[in-house]
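**Q** Given only the sequences and the hints, what does the whole structure look like? Please build it.
As they're listed, the protein sequences go chains G and X.
Here the first sequence stands for residues 1 to 258, where the numbers follow our numbering.
Here the second sequence stands for residues 259 to 697, where the numbers follow our numbering.
Among the hints, a few may not be true.
The calculated label-pair distances, taken between Cβ atoms and stated as ranges, are [as the list claims (entries may be wrong)]:
hint : chain 1 : residue 1 : chain 2 : residue 2 : range
1    : G       : Arg196    : X       : Val383    : 28 to 34 angstroms
2    : G       : Ile148    : X       : Ile471    : 35 to 41 angstroms
3    : X       : Ile471    : G       : Arg104    : 53 to 59 angstroms
4    : X       : Val383    : G       : Thr79     : 36 to 42 angstroms
5    : X       : Arg661    : G       : Glu188    : 33 to 39 angstroms
6    : X       : Val664    : G       : Gly255    : 48 to 54 angstroms
7    : G       : Thr96     : X       : Phe366    : 51 to 57 angstroms
8    : X       : Gly609    : G       : Thr79     : 41 to 47 angstroms
9    : X       : Phe488    : G       : Pro35     : 54 to 60 angstroms
10   : G       : Ala157    : X       : Thr662    : 58 to 64 angstroms
Here are some chain G residues the structure puts well away from chain X; computed CB gaps all over 12 angstroms [claimed, not checked]:
hint : residue
11   : Leu39
12   : Ala40
13   : Glu97
14   : Arg101
15   : Gly119
16   : Ala151
17   : Gly155
18   : Pro187
19   : Leu189
20   : Glu195
21   : Thr203
Treat the hints as calculated values from the structure; they're not laboratory data.
All values reported here derive from a predicted model rather than from experimental measurement.
Cβ coordinates follow ideal geometry from the N, Cα and C atoms, glycine included.
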Amino acid sequence: MRPKLTALMLCALPLFPSRADMSPGGGGTVAVVVPPIDLAQVTRGRGVYQRFCVSCHGERGDGRGISAEWLNPKPRDFTRGIFKFRSTPSNSLPTTEDLLRTLRRGLHHTNMPSWEVIGERNLKAVVEYIKTFSPRWNTEAPGTPIPIPPATPDGDAARARGKELYATLGCFNCHGTSGHGDGSAAPELKDDWGERIAPFDFTNGARLKNGDLPEDIYRTFMTGLTGSPMPSYADALKPEDGWALVHYLRALQRGETK
Amino acid sequence: MNTQSRVSIGIIFAAALLAAGSAHAIPAFARKTGMSCSACHEAWPRLNEFGQQFRDNGYRLRHGRDAPPEQPSAYWPIAFRTTVGYQWLRQTLQQTDSGTATTQTGTFGFTGLDIHSAGTLADRVSYFITYTPALRSAGFTLSPSDGDLESAWAGLHELLGTTWLNLRVGKHALDLPEDEHRSITLTQGYNEYHFHPAGSAATFEPGNNQVGIEVFGHDDLSRLRYSFSFVNANGAPLSNNLVSSPALWGHVQGTRHFDNDILPAVKVGAFGALGWHPVATQQLTTGGVPTPVVGSASSGAQFRRLGGEVHLYLLSNIYPLTLTGVVTYGSDDQALIQGGTSDASFFAGWGELSYTPTVNVVLVGRYERIRSKTQGVADNPRDLGNLTVFTGGVRYTLEMSNRTEVALHGELSSASRVVDASGNLPNALTGLMAIDFVF
Chain G
1 MRPKLTALML CALPLFPSRA DMSPGGGGTV AVVVPPIDLA QVTRGRGVYQ
51 RFCVSCHGER GDGRGISAEW LNPKPRDFTR GIFKFRSTPS NSLPTTEDLL
101 RTLRRGLHHT NMPSWEVIGE RNLKAVVEYI KTFSPRWNTE APGTPIPIPP
151 ATPDGDAARA RGKELYATLG CFNCHGTSGH GDGSAAPELK DDWGERIAPF
201 DFTNGARLKN GDLPEDIYRT FMTGLTGSPM PSYADALKPE DGWALVHYLR
251 ALQRGETK
Chain X
259 MNTQSRVSIG IIFAAALLAA GSAHAIPAFA RKTGMSCSAC HEAWPRLNEF
309 GQQFRDNGYR LRHGRDAPPE QPSAYWPIAF RTTVGYQWLR QTLQQTDSGT
359 ATTQTGTFGF TGLDIHSAGT LADRVSYFIT YTPALRSAGF TLSPSDGDLE
409 SAWAGLHELL GTTWLNLRVG KHALDLPEDE HRSITLTQGY NEYHFHPAGS
459 AATFEPGNNQ VGIEVFGHDD LSRLRYSFSF VNANGAPLSN NLVSSPALWG
509 HVQGTRHFDN DILPAVKVGA FGALGWHPVA TQQLTTGGVP TPVVGSASSG
559 AQFRRLGGEV HLYLLSNIYP LTLTGVVTYG SDDQALIQGG TSDASFFAGW
609 GELSYTPTVN VVLVGRYERI RSKTQGVADN PRDLGNLTVF TGGVRYTLEM
659 SNRTEVALHG ELSSASRVVD ASGNLPNALT GLMAIDFVF
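**A** Laid out in structure tokens, this is it:
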């Protein structure tokens with residue numbers, strides 16, 4: 001550990017108090033186990049962040065790096081502790097594994113590449129450093145991952161059920177009746193930072209940012225993309241319905257719908 | 259020392275300086291990706307693992323935004339680099355009217371200019387062009403130079419849908435243990451990439467870009483890589499290229515990560531070359547004057563290189579203390595050596611220690627040693643051609659953004675080479691204080 005950096009981190013400790021046992025509501029009645037800060041990891045992570053991340057996400061982690069002005073979508077602002085791509089319920093903090101998944105895979109069709117090449121130790125370290133940007137990590141524990149049950153069989157019936165759900169859940173409002181991303185609400189959509197955001201077009205062959213595996217799509221229905229207009233359907237979808245919707249959307253992606 | 263020897267050593271040092279000065283660092287990539295130079299460069303211009311992966315993938319991040327139509331119309335993939343500053347050169351055993359003397363020169367100057375254009379032509383098609391304009395006035399090298407298209411290639415990637423099969427066609431840099439175009443040092447490149455046994459006519463130098471085709475591949479993280487280049491041995495006079503002066507260069511590298519703070523990563527590799535240089539041409543007699551016919555060169559005589567490398571990344575693979583060792587054995591057929599009575603062979607090696615404590619600072623020290631094993635001409639002294647070089651330097655990067663990079667560079671190198679039968683060992687001591695910048 002570099003002495004200068006260690007001193008810097010120690011000075012910064014008051015800004016990052018130990019992750020206390022406060023509940024999200026602040027009442028202090030429910031104990032929340034927040035993992036302690038690993039200073040060695042944070043120090044290492046700061047070095048990784050300075051080399052690879054700072055030009056987009058900024059020195060303060062506010063998504064205002066020197067490149068941010070030219071990027072679309074904008075780099076994630078870590079200071080609010082809001083993360084789109086999680087396995088945890090809507091509005092909750094992601095797990096460490098969720099953040100690692102984003103780092104390993106990157107986000108397709110954004111300026112966020114895969115960083116797997118720099119090694120798992122460095123990825124884990126930079127995740128710990130990213131957690132220092134938002135006070136949420138000091139007071140809240142990550143949410144509990146929503147389980148992903150085994151996929152139900154694909155087939156005409158499942159796709160028909162998925163198509164029905166696509167209509168009844170109102171997916172067409174944003175994604176359009178044919179999945180082109182051209183729903184009536186599409187032109188007005190903005191994310192929590194006030195940036196224009198386009199609904200995903202399932203028909204143009206593009207890959208989903210959060211991954212193209214069936215499990216990735218299922219997870220997105222259930223968790224929503226916090227910070228964006230995409231809500232969680234965890235309360236509205238039974239698991240078999242979730243899979244039916246997955247089968248329908250994957251058929252849309254492959255141009256196999258009638 | 260005779261005039262020929264003085265000229266030879268001057269050319270050697272000038273060539274080393276020019277080779278080292280023509281380096282690759284492409285802010286156009288930073289502009290395209292939005293990343294800082296430090297994302298790809300351990301210390302500009304040396305690549306880190308992310309940068310190596312980016313290069314191996316054909317300047318692509320493989321995230322769906324690599325093809326030109328994905329870029330803003332204002333994006334234009336051009337960059338240029340030069341180095342300006344003061345260079346001091348002290349040379350011993352220089353011939354003068356009053357005998358040998360030590361000379362000293364010092365001049366403000368520049369290394370030349372590299373104009374790069376590089377990027378993707380389509381999702382899986384890359385290209386790289388480097389033009390170095392002619393210099394009429396003196397740079398550091400005190401002599402004019404011709405313009406050159408130093409690199410001009412197109413790359414086809416993921417043939418058959420796999421990263422293990424890619425092609426580069428055109429004038430390209432050979433895949434070397436340490437890329438000389440990305441050397442941190444400026445007064446010295448890697449001399450073994452340019453070494454020939456004394457008297458050898460072979461002109462192939464792996465440190466020079468070669469014209470031909472490269473087949474290369476790698477795993478997803480570029481931790482296991484291979485490259486084979488089949489080229490016209492560059493500069494072979496009067497040759498008919500691949501027919502009379504072909505060369506095959508091969509290189510494999512593997513990197514392993516370890517879960518500890520002392521030695522987080524190790525890279526090892528092996529490389530070699532097998533080539534032929536023509537030693538005969540047909541002669542056209544016009545008016546009694548024999549004239550060699552261009553393209554008629556024949557009777558290729560063989561040259562061989564074989565070597566290995568180890569790179570130890572200590573303390574961190576992000577801010578590493580890197581210890582690199584490379585050894586090479588080379589031999590040239592006796593037919594390549596005027597008056598040769600046996601094959602000429604040599605051992606070459608270098609060790610380098612570099613440390614990158616922050617994204618802004620890199621310190622480097624290198625020791626190079628080339629020793630003749632056998633001389634092609636029996637009467638030659640055994641140590642003819644032997645070379646010993648020490649190089650040390652420090653770079654401090656003033657500005658490193660997604661647009662430009664500016665570094666202050668200080669360096670000192672000492673090179674000694676046995677240049678004649680008397681065993682004279684002239685030394686060239688070179689100091690450089692410079693501003694190195696790329697836009």
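**Q** It remains to establish, for every hint, whether it holds in the given structure.
**A** The hints, checked one at a time:
1. Arg196(G) - Val383(X): 28 to 34 angstroms: 32 angstroms, holds
2. Ile148(G) - Ile471(X): 35 to 41 angstroms: For Ile148(G) and Ile471(X) the Cβ distance comes to about 47 angstroms; the hint is violated.
3. Ile471(X) - Arg104(G): 53 to 59 angstroms: 34 angstroms, violated
4. Val383(X) - Thr79(G): 36 to 42 angstroms: Given about 40 angstroms between the Cβ atoms, the range holds.
5. Arg661(X) - Glu188(G): 33 to 39 angstroms: 34 angstroms, holds
6. Val664(X) - Gly255(G): 48 to 54 angstroms: Holds - the Cβ-Cβ distance for Val664(X) and Gly255(G), about 51 angstroms, lies within 48 to 54 angstroms.
7. Thr96(G) - Phe366(X): 51 to 57 angstroms: Since the Cβ atoms of Thr96(G) and Phe366(X) sit about 54 angstroms apart, the hinted range of 51 to 57 angstroms holds.
8. Gly609(X) - Thr79(G): 41 to 47 angstroms: 46 angstroms, holds
9. Phe488(X) - Pro35(G): 54 to 60 angstroms: 55 angstroms, holds
10. Ala157(G) - Thr662(X): 58 to 64 angstroms: 59 angstroms, holds
11. Leu39: Given that every Cβ of chain X is farther than 12 angstroms from that of Leu39(G), nearest at about 14 angstroms, it holds.
12. Ala40: 9 angstroms, violated
13. Glu97: The claim stands: Glu97(G) keeps its Cβ more than 12 angstroms from every Cβ of chain X (closest is about 18 angstroms).
14. Arg101: 15 angstroms, holds
15. Gly119: 5 angstroms, violated
16. Ala151: Its Cβ never comes within 12 angstroms of chain X, the nearest being 25 angstroms, so this holds.
17. Gly155: At roughly 29 angstroms from the nearest Cβ of chain X, Gly155(G) sits farther out than 12 angstroms, so the non-interface label holds.
18. Pro187: 22 angstroms, holds
19. Leu189: 21 angstroms, holds
20. Glu195: 16 angstroms, holds
21. Thr203: 16 angstroms, holds
Violated hints, in rising order: 2, 3, 12, 15; the structure is consistent with all others.
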